[in-house]
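From just these sequences and the hints, can you work out the full model?
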Amino acid sequence: MNLIPTTLADGFWHWLWFNEKAKSSAGVATIGDELFMYIFWLSVVWFVFLMGLTFYFVVKYRRKPGQKLVRSPAHHTPLEIAWTVVPTLFLVYIFFKGFWGYADALVAPANAELINLKAQKWAWRMTYPNGAESPLSTRFTYTDAQGNQLTSAQDAPIFVVPAGKPVQLRMSSMDVIHSFWVPDFRAKFDIFPNRYTAYWFQADEVGDHPIYCAEYCGDLHSEMYAILRVLPEAEYRSTIDGWAIPWDQGPVPVGKVLYKTKGCAACHTVDGTPNTGPTWSHIWGEEHEFEGGGKAVVDANYIRESILVPAAKIRKGFPNQMVSFQGQLNDRELDALIAYIESLGANPPAPGTGHSETGAETEPAGSN
Amino acid sequence: MTTLHGEIPGAHGHEHHDGSYLERKGGMVSTIIDWATTIDHKKIGVMYLVAVLTMFFIGGVAAMLIRYELFEPVRIQATGDNVGQISGTALANLFGQKDISVAKADNIYNRVMTLHGAVMVFMFIVPGIPASLGNFLLPLMLGAKDVAFPRLNLASWYVYVFGSIFGILAIVMGGVDTGWTFYTPYSSSHADPGHWRVVFMILAAFILGFSSIFTGLNFIVTVHKLRAPGLGWFDLPLFVWAIYSTSIIQVLATPVIGITLLLLVFERLFHVGIFDPALGGDPVLFQHFFWFYSHPVVYVMILPGMGIISETIAVHSRKQIFGYKAIAFSSISIAAISFLVWGHHLFVSEGELVATIFSALTFLVAIPTAVKVFNWIGTLYKGSIQINTPMLYTLFFLFTFSIGGLTGLPLGALATDLHLHDSYFVVAHFHYVMMGGTVIAFLAGIHHWWPKIFGRMYNERWAMIACVLVFIGFNTTFFTQFFLGTRGMPRRYASYPDQYQLLHQISSIGAAILLIGFLLHLAVFIGSLFAGKKAPANPWGGLTFEWEADSPPTTHNFHHEPLATHGPYAFDDVVPPHCDPKDYPIADPLPAGSKRH
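Residue numbers (numbering that gives the first Met the number 0), protein chains in the order written: chain A, 0 to 367; chain B, 0 to 596.
Please keep in mind that the hints were generated in silico from the structure rather than gathered at the bench.
One or more hints might be untrue.
[Said to hold, decoys possible] One side only, chain B facing chain A, incomplete, derived with CB under 7 Å:
(1) G83
(2) A147
(3) G178
(4) F373
(5) N387
We put the beta carbon where it would ideally sit given N, CA and C, even for glycine.
Written as structure tokens, this is what we have:
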């Protein structure tokens, strides 16, 4: 049902308020936009009428020196009842319409894809049904007047979701209250520690949508961004399958996935080319020289230390840039990463291990 | 209201032919002691006026800093000469902090944002009109010599100053970054751990609450007990009704915030698990407690403003208020319903049943508010309207307050609120109500009663220019923020994505215009105090008791005990006191036998 003519609800007026159409087909978005535009025009009509009347009175009844006062009624019961009852009727309608959209926002369809969302100061984490997490991140980029490129201050994770299918988030916080808001989906809900709240949407088109934290949560509240990337459902499936950790296949495949999902790939290659950090290809057994002197052979203990205490040994020619992964990786994951690096080949090559695995697939898109 | 000279038995013996309350008693030191120990409601009112306007200035400086920071978002240089360097940290640069992390730069903004909110709410707008103009005018409007408990009145001022000192101390110690709402568990377990300044800021709000309760209690008793002979409840000026309703809310709601804030202090200091889930508490409980006070208090902020508008619109259009009883009762019903709508601050954090009930109740409070606006506009009909600064502000109030009210609708409706909650739309909405409503009304009131309070006229032309600047600046600053909100800008952000920059910059330019307007007002006021023309006793032709008193009033307010002989807005029938009938011609007498409305 159209509350107001389409020309008033869409086009320029809708653009003025929302810039773009809602990108979720959930009721809260469609009913919300419709109701907002209805309230907007209702307000415009009332406001113009009241201000017009005020202006007319002020001009017509302006004080003229010496003019006697004119009596007029001090109240008018039918008029007063009318201007109490008529707005009440409009308000009752707005209430019910608003309730309708809200009720829709509360109950996700039964076939919704359930994804877990964790919020903490000042980051988002999504865990997919297969236990996978996204390794992707980006920053908002800007160009200033001098043509310099600027970015937002923190990496924002990119989460993928399927198009054309309802998605339900089960949300909780690790510390303080946060709030999950996707303006393109026209809804938000608070996220509490020690409690689950829910949020659902259905995005029918492929595209990226920013996620903001809408509840003040401290220092980097305003940098708590993420991107929700809507993919065709098949691509979504293959993407999260690619991020899944294959625990049943032994340590090397696990290490290969962790390499991508834990952010190692941002600085370390597995094809022999140096990046911000040294490559992992054929370093097992290699002797490394360090900044400030000293050398050591790459083995399991050396790798473990380099992951947990990166600054302890800085390889010659590389910056001291890596952050510690203490607490981010458990022992099983560390073992898997060590096994994966070992599997990438030794230097000098160990007899009888003609390892050709390079693991070089497409680099996770670190930015866009 | 005509005084009947010498007709009150015994009045003669009590007659004081004393001087203006502003008259200096001796030298500088004895004048200061005289003011510091005064129990005269007028002096206490003026002391409050100075105090709250000082707080408005401090909060205003913080507002300007906010708009200054938001002119540019915080960003990191990715190409060019200074890769990795932070830009857009205007506040950090202003405070001489170079090469700091983004977290630190954002933290400075968060502290300034909290400072703005806490000072404006707890130290300016809650005590604002009732404690200053209310204190000065309430006994005058009732025809009384003072409030019911003059010493309690002075005590409330000292408690206010004491509480404010705690707040200032917290700011001087580095400020707090909890937001003025002190949401848990951030405020109880995360913000500045182990630091006393958060406790001090909370205690400031706690102590200021007592000042509110003292004032409210005093005013309730004063209205009940000290009305002049003949002054019935429905002869009261509507400003008195508004202050009376406000006082009831203050007395009933403030203890709740007091208890809540104490619990918060206990949790911070002794880790009692009340609000922090990590200690076994419930963070939403705090929000319920907090808004159970803080929503009624929204009406503590706006009702006195509505009272002022009822006075100014009647006097400057020389018209009886249209629907006097409707306005009086809507004040009372707003006060009552205001206790039932706190849950609309929790639409995105609470259960569905609660949200639905509170949404319905929220629309209920919209109705008496709308009725008041219709009544004010109805008052203009067939009036004799004089445009001067108080009236111009009154008309601007109708404009901005209507926008504030109408933009409450999509926030009260649940479907639209899920998008707009905690966005800039909310920021714009409550600034239209609080600033476009209360502050604009306060300015109308200050100009309206300035001649009465200080005995000097102000420069009308320059005050009107300042008024127009404030109006333009205000709308430029805050109307843009509605669009920021609907387009997805969350509130309390130190930085923002590119697409919001243009609107933020327009908003900041508006703030600069606003600042110029306020500074011009300040200049006009100072000019008036030092070089203003002496004010007549009744410059606007008002009919309420305060216009019978001298300008400025004498220490005991009236030369004779006043007696109510006509309604507060009977402009049609009564020549205002101290006024020339030629300047204020009344209406033709009613034909014999016809009923007066």
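Outcome of the hint check:
1. The closest approach between the C-beta of G83 of chain B and any C-beta of chain A is roughly 10 Å, which is over the 7 Å cut-off, so the hint fails.
2. With a least beta-carbon distance of about 31 Å to chain A, the hint placing A147 of chain B at the interface is violated under the 7 Å criterion.
3. Because the beta carbon of G178 of chain B sits about 5 Å from the nearest beta carbon in chain A, less than 7 Å, this interface hint is met.
4. For the restraint placing F373 of chain B at the interface with chain A, the shortest Cβ-Cβ distance is roughly 5 Å, inside the 7 Å limit, so the hint holds.
5. Hint status for N387 of chain B relative to chain A: violated, with the closest Cβ pair at about 10 Å, above 7 Å.
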